[in-house]
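Using the sequences and the hints, build the whole thing.
Number of protein chains: 2
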Amino acid sequence: MRAQSNLPAQSAERQQSVTAARLLAAAGELMTERNSIDISLSELAKKSGINAALVKYHFGSKDGLLMALLARDSRSEIENLDYLMRQPISPTEKLKLHIAGIIKAYHRFPYLNRLIHRMLYESSDKSAKEVSRFFAKPVFEIQRKLLEQGVEAGEFRKVDPMMFYISLIGACDHLFHGRTAMSPTLGGGVTDEVRRRYVAHMTELICGGILKASPAKNGKTAK
Amino acid sequence: MRAQSNLPAQSAERQQSVTAARLLAAAGELMTERNSIDISLSELAKKSGINAALVKYHFGSKDGLLMALLARDSRSEIENLDYLMRQPISPTEKLKLHIAGIIKAYHRFPYLNRLIHRMLYESSDKSAKEVSRFFAKPVFEIQRKLLEQGVEAGEFRKVDPMMFYISLIGACDHLFHGRTAMSPTLGGGVTDEVRRRYVAHMTELICGGILKASPAKNGKTAK
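Chains as they are written, first to last, in the working numbering: chain A, 1466 to 1688; chain B, 1466 to 1688.
I should point out that these hints are in silico values taken from the structure, not numbers from a laboratory.
Any given hint could turn out to be false.
Identical chains blur together in the list; that is why a pair holds if it fits in one copy or across any two.
Said to hold, decoys possible - Below, in silico cross-link-like pairs of lysine-lysine (DSS-like), each with a Cα-Cα straight-line distance of 27 Å or less: (1) K1591 x K1561; (2) K1561 x K1677; (3) K1623 x K1677; (4) K1561 x K1623; (5) K1623 x K1602.
Structure representation (structure tokens):
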């Protein structure tokens, strides 16, 4: 019952064949199993049992495959976010669920973070623009509206949406980025327990900061 | 008048010759000019006017040069941080200066961020351990003590120091990382103005969060 968001290129993407969808599913599984986005088209053909020529036909190159996978997963996340924003809950509640949602998305698609980094920082300008179109811009726009709603509702102070986007995405991303994720200080990587603690930490930090809350901010009335 | 911090390997590093120091200075300048950390040892020899054999002698490989540069700049930043922590100011004031300091360090050494990413995520485990020893661990330890002081002083609520480290470094890092820095939404990259706005944003966000401060939190007394 989720309304379709109006992402550009969505209708074209939706028409991709069942074969392409199966290939993407296999690619996602392979990346998760391997804990790496470095998979070849021939490995994918082997994993999926689908002819290598068809892999080539559907995605052209490895970058084409990565971009298609990113588009699929971004679309699913943006739809979730869109759905969340239409719920009859306060901006503060939406923000909390959004923070948890970003961290869950990175957890659900362990390769998403690496894919975004690869496409944004190591690929062509064209790839970077695509990532921006699929992922960064829609997330930024939704956050911008949420921040406006929060201010209008008298719940949020006014913040610069671009600064907010960079700080929130940067902080969430960093837990999963590269060797941070394997850091021995985290005691064995980003476990479910670490992820839950990070959701709690980020929610409290973004909502209330580190300074000790006054009684009024805790929802009690100061005498 | 700054006391020397007890960083491991510091004494050995301190003994490096004047030639090595000149080479590092030239490497930093070259990276800043180029806006890239991709410089070769022969380009460095040309820029510095120092014989290529000496470049090889002092740093062995390009990774050796990058690590030496990272060690030099990390040391300087850790010394600043160490100095800051010994000032007779409140934990809240220290935290604010620390946030501004991280962002300023990335600005002052535009290649620092890229160096850390390269060494942490694309190099060997050995490089990652070195970066951790030079940069991540000392910063984490200083933050941990600051957080303790803040709680003892009744200024901070209790936060997990590892979660805090990841979120603060991740958020500050993200402004300068890869194409974020060139994003057209930032209107021409990370200018002095953008940097100042980000310092203000991060300070407010980390200290007080986004929820509208109660009168008591603003330092006024609620009636």
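field: Copy assignment of K1561 with K1623, given that the CA separation must stay at most 27 Å
entry: Both ways: K1561 and K1623 sit 17 Å apart in one copy and 20 Å across, limit 27 Å.
query: Is it within, between, both, or neither for K1623 and K1602, if the alpha carbons may be no more than 27 Å apart?
result: For K1623 and K1602, the Cα distance is within 27 Å only inside one copy (20 Å; across copies 35 Å).
Intra- versus inter-subunit Cα pairing at 27 Å for K1561 with K1677: For K1561 and K1677, both the intra-copy (19 Å) and inter-copy (15 Å) Cα distances are at most 27 Å.
- prompt: Between copies, within a copy, both or neither: which fits K1623 and K1677 at Cα up to 27 Å?
  reply: both (21 Å within a copy, 9 Å between copies)
Intra- versus inter-copy proximity for K1561 and K1591 (alpha-carbon distance at most 27 Å): Result: close neither inside a copy nor across copies, 33 Å intra and 38 Å inter.
Violated hints amount to a single one, hint 1; each of the other numbered hints is respected by the structure.
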